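Participant: Residue strings, one per chain:
Number of protein chains: 2
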Amino acid sequence: MDEFRIGIALWDGVEELDFAGPYEVLTAWARGSERPVTVTAVARSTEPVTCSHGLRVIPDASFEELGHVDLFVNPGGRVDPLLGDDAYIGRLRAMADGGTLMTSVCNGALVLQKANLLDGRRAATHWGSYDRLEELGVTVDREARWVDEGMVVTSAGVSAGIDMALHLVARLDSEEMSAKVRRYIQYD
Amino acid sequence: MDEFRIGIALWDGVEELDFAGPYEVLTAWARGSERPVTVTAVARSTEPVTCSHGLRVIPDASFEELGHVDLFVNPGGRVDPLLGDDAYIGRLRAMADGGTLMTSVCNGALVLQKANLLDGRRAATHWGSYDRLEELGVTVDREARWVDEGMVVTSAGVSAGIDMALHLVARLDSEEMSAKVRRYIQYD
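Chains A and B, in that order, are what the protein sequence lines are.
With positions in the first sequence counted from 1, the corresponding number in the working numbering is that position plus 936.
With positions in the second sequence counted from 1, the corresponding number in the working numbering is that position plus 936.
Calculated from the structure, these hints are not laboratory results.
Check each hint, because a few of them may be wrong.
Claimed, not checked - Residues on chain A that point at chain B, a partial pick, calculated with CB under 8 Å:
hint, residue
1, Ala956
2, Ala977
3, Val1094
4, Ile1098
Predicted, not measured: the structure shown is a model, and the values here were computed from it.
Note that beta-carbon positions come from the ideal geometry of N, C-alpha and C, so glycine has one too.
Chain A with its partners taken away, still in its complex shape (with noise of 0.2 Å):
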């Protein structure tokens, strides 16, 4: 079977358990999973980047290094670097139009709605940012912890991120192998 290839998103100021929630249930899943699964940490280039509470992490490829992913995470945090960040966007784009399942957690919905990904559709986000969101025209389920709109997937806030990756699991895998990931997490 083909590679299943995974890029999570890392940036400065990056929210800790955004991105290491996710980072968990989906590299259990790869250590599982008979078809391979690949899940890298990706980021503008692989120089350390300092998360929003000060954890020091190395991303494993550059963007320019990474090729086409099947999945990719975009976690929140300190998101207003990535909002003005017209070639970050322009990526998120072309990674949509690739085929690639695009996903967020936290308010890293606001950023995927920059690149008009969430248009038409409903999506899940952290309660601080539900205002924001449907003040870009975004129908926002305040009770989901995620959404899942086919080619996009959201979660509301950071914990979220490890219910929505237990999600695509099922989704991507079956729900056998996402109870399998829960019961190796003991996420109750």
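With the hints as your guide, set chain B onto chain A.
Facilitator: For chain B alone, kept in the frame of chain A given last:
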């Protein structure tokens, strides 16, 4: 008020969510706390560590640089290198003797017990380590997300470190602060 100092251990093989969950919760507390709270990711040296699933993280300080901490978090993951590291185990014992509140996530409880910190105490751990911890003479609580035994607090597997950290915030600060952090990370 005196600074409240927290150390979270990293090493090659630490499980990503085991440390990132408490890191997120405790740094969110630090951001909102009236009393100064610092969180330091500490390792043998400040060279990057490669976590269990491949994430590379840069420690903030070596153990030599750390100084006294009020709270120490020993995550789980591939713990065998720690279990065989007499200097590391000696450090845990010295911290406990010095009044540090000692905590573990997941199979990190095995490491605490290597320093005999769980003698005569109940503990939580990952379900995959119930038998091994019991063989070391510890009474394992198989139902609890976390077990608070005063100067030693342990949690169940991986994501349960989030629950334990929220409990620690409630105990060390207030229920209100813990609820605030829980709401911030949308951990419902």
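Participant: Against this structure, judge whether each hint is valid.
Facilitator: Each hint, compared with the structure:
Interface hint at Ala956 of chain A: satisfied, since its Cβ lies 3 Å from the closest Cβ of chain B, which is below the 8 Å cut-off. Taking 8 Å as the C-beta cut-off, the interface hint given for Ala977 of chain A holds, the closest approach to chain B being about 6 Å. The beta carbon of Val1094 of chain A is positioned within 8 Å of a beta carbon in chain B (closest approach about 4 Å), and the interface hint is therefore held. Taken as an interface hint, Ile1098 of chain A checks out: its beta carbon lies about 7 Å from the nearest beta carbon of chain B, inside 8 Å.
Checked against the numbered hints above, the structure violates none of them.
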